Amino acid sequence: MGFYDSRTVAAHFGINHRILMNWVKTGLVHPHDHYDHTGSRKAVLFSAEDVKEIARLIQVRKYLRGQSLRDVLNTLRVMGHNPLSQGDFLVLENQKGRRNVIKIMQNNEAIQLLHAQPDRQLRLIPLTGDDIKEAIPDPAPISLLFDLDQFTPVEIAEIIGLLSEIYQDVGGDALIIEDLTLLDPTSILVEV
Amino acid sequence: MEQEHLQEPQFALVTVSGKSPERWSQFRNKLVQALQVVLDTVLDTEEGTTVRDEAQQFTRALLDYAKANLARPGLENDKLEAEIRRLFSQSEVDRAEARKKNAEAEALELQTKVKRLRLVLGGAKAMLVGDQGEEAVIFAKQIEEFLQVLKELTAG
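Taken in order, these protein sequences are the chains called A and B.
With the first letter of the first sequence counted as 1, position 142 gets the number 142 in this note's numbering; the numbers rise by one all the way through.
With the first letter of the second sequence counted as 1, position 90 gets the number 1090 in this note's numbering; the numbers rise by one all the way through.
Rather than coming from a laboratory, the hints here were simulated on the basis of the structure.
Keep in mind that this is a model prediction, so the values were computed, not measured.
Note that the Cβ used here is the ideal one computed from N, Cα and C, for glycine as well.
Be aware that a few hints might be false.
Said to hold, decoys possible - With the Cβ distance kept under 7 Å, some of the chain B side facing chain A (calculated, not the full set):
id, residue
1, THR1015
2, LYS1030
3, LEU1031
4, TYR1065
5, ALA1066
6, SER1091
7, ALA1124
8, GLU1134
9, GLU1135
Using the sequences and the accompanying hints, generate a full structural model.
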């Protein structure tokens, strides 16, 4: 499973990097710490699951902000729920001007609840949204197209090797060959 | 009706990415920028226009089309893939050993590596095509012909 740095995650969701790091600082999200060989913390890295939770957090922030948001999430966690990783809706009940957290529900349960208790002032907050992409897509590879009249396998391997070195120079790790396919335009027959 | 083959070159399409997705995600754009430096010196500039200019309409979709429709399956493909993978793996091992033995090798500047890559490319034409994030590099003598074939095919 891949991990993503904080700037990649902030850019993916279009949120300010400082806001994201504030969520980390205040415990709204819990990414992984990455340490170097000396044991010093080098970076904060987010797993795919963390990214999914952030997507849900962004969704919930449309309805609740600041301390209200923290209270709701903390209450649910005390109740044994992880509101950012389970269910489709969180349910709030309005009672005398106060909003109490009830639970997290799946879609079908939420509909049943609304039908069964029409007199209660319930509010359903969706935890997922079509406009929020919960996963960061893996970046595209780079395709290299070689004219085989001009390059031998040795030269192709050497070129990829040099690109691998250049990639390391700009901070990358190492290039790997994901796929290799022969293209054969001469196999196309044309009628004359 | 008589049929004849188009006289076009054979191509190998090699897809590469970083060993770890997060590193690749962070540094792919920098690699593309570094590649651009290499390609600027091997573009055909005889007529004052670059191959890149001529290929502005050429997108990743065309390359995908080529891959889907012009792929040559079978033993020959497998043999070439195995050969290139073997040579590349060996060269990676050799380079790692050289770096261990010789600190100078590691200290080679990016500029030096770019120069070496230009030398290996020789007189080839090369260009970067596709939209940002979907780039592909073409190294060829007959880029224009290849592009023309693809354009005609996709137009048809």
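Now for the hints, and whether the structure bears them out:
no.	hint	verdict
1	THR1015	holds, 4 Å
2	LYS1030	holds, 4 Å
3	LEU1031	holds, 5 Å
4	TYR1065	violated, 11 Å
5	ALA1066	holds, 6 Å
6	SER1091	holds, 4 Å
7	ALA1124	holds, 6 Å
8	GLU1134	holds, 5 Å
9	GLU1135	holds, 6 Å
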